[in-house]
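Fit chain F to the supplied structure of chain W, relying on the hints for placement.
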Amino acid sequence: MKITVNGTTQETAAPTLDALLQELGYGAAKVATAVNEDFVPAAIRPEQRLNDGDRVEIVAPRQGG
Amino acid sequence: MPTYYETEVTSRLMLGTAQYPSPAILAQAFKRSGAGIATVSVRREAGGERAGQAFWDMIGDLGVRVLPNTAGCHSVREAVTTAQMARELFDTNWIKLEVIGHADTLQPDPFGLVEAARILTDDGFQVFPYCTEDLVLCERLVEAGCRVLMPWGAPIGTGLGLNNIYGLRSLRAHFPDLPLVIDAGLGLPSQAAHAMELGYDAVLLNTAVAKAGDPAAMAEGFARALEAGRLGYEADPMEPRDMAAPSTPVLGRAFT
Numbered sequence: 004m005k006i007t008v009n010g011t012t013q014e015t016a017a018p019t020l021d022a023l024l025q026e027l028g029y030g031a032a033k034v035a036t037a038v039n040e041d042f043v044p045a046a047i048r049p050e051q052r053l054n055d056g057d058r059v060e061i062v063a064p065r066q067g068g
Numbered sequence: 168m169p170t171y172y173e174t175e176v177t178s179r180l181m182l183g184t185a186q187y188p189s190p191a192i193l194a195q196a197f198k199r200s201g202a203g204i205a206t207v208s209v210r211r212e213a214g215g216e217r218a219g220q221a222f223w224d225m226i227g228d229l230g231v232r233v234l235p236n237t238a239g240c241h242s243v244r245e246a247v248t249t250a251q252m253a254r255e256l257f258d259t260n261w262i263k264l265e266v267i268g269h270a271d272t273l274q275p276d277p278f279g280l281v282e283a284a285r286i287l288t289d290d291g292f293q294v295f296p297y298c299t300e301d302l303v304l305c306e307r308l309v310e311a312g313c314r315v316l317m318p319w320g321a322p323i324g325t326g327l328g329l330n331n332i333y334g335l336r337s338l339r340a341h342f343p344d345l346p347l348v349i350d351a352g353l354g355l356p357s358q359a360a361h362a363m364e365l366g367y368d369a370v371l372l373n374t375a376v377a378k379a380g381d382p383a384a385m386a387e388g389f390a391r392a393l394e395a396g397r398l399g400y401e402a403d404p405m406e407p408r409d410m411a412a413p414s415t416p417v418l419g420r421a422f423t
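In the order they appear, the protein sequences are chains W and F.
If you count the first sequence from 1, position 41 lands on 44 in my numbering, and the numbers rise without skipping.
If you count the second sequence from 1, position 58 lands on 225 in my numbering, and the numbers rise without skipping.
Looking at chain W on its own, in the form it has when it is part of the complex (with noise of 0.2 Å):
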């Protein structure tokens, strides 16, 4: 399926939000998550099944004002 990983469109076969991580290497990285604009807090990032067309946000700390 098709999905978009912060602005860019990719193929995945992960069938959840978790496996995506998995797939794409951010291991134990401290990043946040949401799906189409919802956050999904990563104890839920196992139940969270991605669908075609989802757009997911990958995010960590960073300098700020």
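Rather than coming from a laboratory, the hints here were simulated on the basis of the structure.
Positions of the beta carbon are idealized from the N, C-alpha and C atoms, including for glycine.
Some hints here could point you the wrong way.
Stated by the list, open to error - Derived Cβ-Cβ restraints for the label pairs, each shown as a range:
1) W:49 <-> F:324: 37 to 43 Å
2) W:58 <-> F:398: 50 to 56 Å
3) F:177 <-> W:14: 47 to 53 Å
4) W:11 <-> F:271: 25 to 31 Å
5) F:175 <-> W:31: 42 to 48 Å
6) F:380 <-> W:39: 22 to 28 Å
7) F:395 <-> W:19: 53 to 59 Å
To be verified - Far from chain F, by Cβ distances over 12 Å, these chain W residues were calculated:
8) 6
9) 18
10) 19
11) 33
12) 52
13) 54
14) 57
15) 66
Showing chain F alone in chain W's frame:
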């Protein structure tokens, strides 16, 4: 010292963490100014990048409280989701809420700001709203649950100082017990001192320090100005007057 949501801090300076020449200079700016709160953000990260972890470790070494922001969000939904992601990443209920309403001035969208503040307060957040000095907006933010207000001095990154003294003074008078923080627009320590003289509790800076030729020195300059201005405020200043009044005694002057 100011107390935000039952947490007393040891400094009147909140300092941003962006745009410094290097992480070492950022650390020096915090050390020399004694800033007690660091603002931070969340941004996209690629797999394997691990920049977030490195930044998080560096902030941890500063030994200050973090105040995550929702910078760049233009809608309520973006801001709320960003705040929720920030809460998980930074493990704090504090959020500097930005809902930007105009791309040129980066001024807050007052309508979206109130709506987002209400949603986040109901969700357990302690909201620090980046707002204008509009009194009615600030009343609505307090009704929405905000227990601190952060009006701008001038648009973000401009260094223009306090653009509406009347409005800022009016806010101080209407909210005597609420922590008020000037957020954005300051460029010089004298402007921070002025904010203190108006009775404000703190200022939030980033560009003024990070973009100075010597950021650490400028950070210390701001810290001293805050102290000076606050002392002046607490010392009950004289009333200004139009007519001159001699300070040296008139009685006993020679040649009279």
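Do the hints match the structure? See the list:
{"no.": "1", "hint": "W:49 <-> F:324: 37 to 43 Å", "verdict": "holds, 41 Å"}
{"no.": "2", "hint": "W:58 <-> F:398: 50 to 56 Å", "verdict": "holds, 52 Å"}
{"no.": "3", "hint": "F:177 <-> W:14: 47 to 53 Å", "verdict": "holds, 52 Å"}
{"no.": "4", "hint": "W:11 <-> F:271: 25 to 31 Å", "verdict": "holds, 28 Å"}
{"no.": "5", "hint": "F:175 <-> W:31: 42 to 48 Å", "verdict": "violated, 35 Å"}
{"no.": "6", "hint": "F:380 <-> W:39: 22 to 28 Å", "verdict": "violated, 45 Å"}
{"no.": "7", "hint": "F:395 <-> W:19: 53 to 59 Å", "verdict": "holds, 57 Å"}
{"no.": "8", "hint": "6", "verdict": "holds, 14 Å"}
{"no.": "9", "hint": "18", "verdict": "holds, 18 Å"}
{"no.": "10", "hint": "19", "verdict": "holds, 16 Å"}
{"no.": "11", "hint": "33", "verdict": "violated, 5 Å"}
{"no.": "12", "hint": "52", "verdict": "holds, 19 Å"}
{"no.": "13", "hint": "54", "verdict": "holds, 18 Å"}
{"no.": "14", "hint": "57", "verdict": "holds, 14 Å"}
{"no.": "15", "hint": "66", "verdict": "violated, 4 Å"}
In this structure, the earlier hints numbered 5, 6, 11 and 15 are contradicted, and the remaining ones agree with it.
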